[in-house]
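Engineer: This is what each chain is made of:
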Amino acid sequence: MAIKVGMEVSIAAAQAVKQANTDIIAAYPITPQTHIVEHLAELVNNGELDAEFIPVESEHSAMSVCTGSSAVGARSFTCTSSQGLALMSEIVYIASFLRLPILMLLANRSLSGPLGIWNDHSDVMSIRDCGWIQVFAENGQDVYDHVFIGYRVAEDRNCLLPFLVNLDGFILTHMIEPIEMMDQDMVNRYLPPYQPLYTLHPDHPVTMGAFTGPALYTETKKAQDEALKGSLPYIMKGWQEFGDLTGRYYHPIERYKTEDAKIILITQGSLGGTASIAIDSLREKGESAGLVKIRLWRPFPFEEFREAVKGAELVVVIDRAISYGGPGGPLAGEIRSALYAQERRPRVVNVIAGIGGHDVAPEDFEQIIRQARKSSGEGYEIYGVRE
Amino acid sequence: MAKQEHEIGWKELNVGCVIDEPGNAACYRTGDWRSQRPVYNKDRCIRCGTCYIFCPDMAIKALEDGYIEHDLYYCKGCGICAQECPADAIAMVDEEE
Chain W
1 MAIKVGMEVS IAAAQAVKQA NTDIIAAYPI TPQTHIVEHL AELVNNGELD
51 AEFIPVESEH SAMSVCTGSS AVGARSFTCT SSQGLALMSE IVYIASFLRL
101 PILMLLANRS LSGPLGIWND HSDVMSIRDC GWIQVFAENG QDVYDHVFIG
151 YRVAEDRNCL LPFLVNLDGF ILTHMIEPIE MMDQDMVNRY LPPYQPLYTL
201 HPDHPVTMGA FTGPALYTET KKAQDEALKG SLPYIMKGWQ EFGDLTGRYY
251 HPIERYKTED AKIILITQGS LGGTASIAID SLREKGESAG LVKIRLWRPF
301 PFEEFREAVK GAELVVVIDR AISYGGPGGP LAGEIRSALY AQERRPRVVN
351 VIAGIGGHDV APEDFEQIIR QARKSSGEGY EIYGVRE
Chain S
1 MAKQEHEIGW KELNVGCVID EPGNAACYRT GDWRSQRPVY NKDRCIRCGT
51 CYIFCPDMAI KALEDGYIEH DLYYCKGCGI CAQECPADAI AMVDEEE
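Residue numbers (our numbering), protein chains in the order written: chain W, 1 to 387; chain S, 1 to 97.
Misleading hints may appear alongside valid ones.
To be verified - Label-pair restraints from in silico Cβ distances:
| no. | chain 1 | residue 1 | chain 2 | residue 2 | range |
| --- | --- | --- | --- | --- | --- |
| 1 | S | R29 | W | E52 | 38 to 46 Å |
| 2 | W | D203 | S | E64 | 35 to 43 Å |
| 3 | S | S35 | W | L115 | 50 to 58 Å |
Simulated from the structure, these hints should not be mistaken for lab results. Where a beta carbon is used, it is the ideal one built from N, C-alpha and C, also for glycine.
Put together the whole structure using the sequences plus the hints.
Structural biologist: Have a look at this one:
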């Protein structure tokens, strides 16, 4: 039987990693990811989780260990934030090319500088093109559930790709939330043991990560791109089967009151919950407003996204990262591309908000929408910045 | 022999581009790298085998009668054989000649 408990999201995430029978945990502590890894160290130390906990000397080593352990067929987990991700990024790209189903939780935090520990999405956006499946969690339950979904999808023979779950630092990691915990039998039914396609084993020698020259490089990259694009139906299948088991259904694009909406707000991660309060308030005032939450960031669900915003006249995209000197935030860039070839397309207004831990309240969203009505849609604005 | 690199389509690649067939480095045409090729003068050759020993790529075949033959599929044109030959039986010439 599933039970609902009040628990810090980081602890729930660690419990899920345990319930998922993870074999290898390699991580280096960094705020605000720390509680997840600390709790896992405790579980391993107390004999509650039969896994190898490797206390590496850096995040570069953490991802290197996970790459190696996944290559020998071990279910491998890591977790980091901000500078930690930046340091491991060299190996992050290799893990996806080698098609190793590693699971990473990323407690989103701003990248230095200035040095800060608070939440935004500049860390994940720096590895946008790393070839991993990337999802955003809105709340603690999403995080807990996506540990199982992540492994299940990543290890699917039709995917075999590493899986990244974004959870907003502090806003989710340090929050105590009601979380429905699955019982072990349920987990085992959903998540079978990992059966690798290739492993590094002396009885069956293979080469992983061979050198490739210009004659074949393009073909290897095409294969990698097709693998990530082709994972979409299997991600959907993983969500569907999880929903059938638990009653909690997830979608690449989560829609809230979008049916007849003329104005649509677009968010990623924990802002979704706050934004929905703003949408309720706007609806009460008779405004035809809705909310689209981008859960699946890679592969980007173009078709589902276009379907979700098809009746809208104004789309307001909230980005929590800046692409300095570029066309706007990374999310807005994506959304403008997704809509450009459409015959009828809404005006897209891009607002950067909630960076470096700056809170965004429901009334801020209402203010953002008021300003967006007057905007031409050129470029982007940084919300609430003092002159 | 397996397919050459430039003949392989993306759909034929293994997941993660894993190589599951040992020893296929033999298919790799390192001869493509060459800017100079060795020209062998059999009349000068004293059949000492020095070139065969020094070739870093095993691109020289020792024939039964003691003479040699360059394997241009692998020969990178490094010129070591020409340098080491005590009888000046090997000369390096530019590929475009």
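Engineer: Now tell me if each hint is right for this structure.
Structural biologist: Consistency of the hints with the structure:
{"no.": "1", "hint": "S:R29 - W:E52: 38 to 46 Å", "result": "holds (43 Å)"}
{"no.": "2", "hint": "W:D203 - S:E64: 35 to 43 Å", "result": "holds (39 Å)"}
{"no.": "3", "hint": "S:S35 - W:L115: 50 to 58 Å", "result": "holds (51 Å)"}
In the structure shown, no violation is registered for any of the earlier numbered hints.
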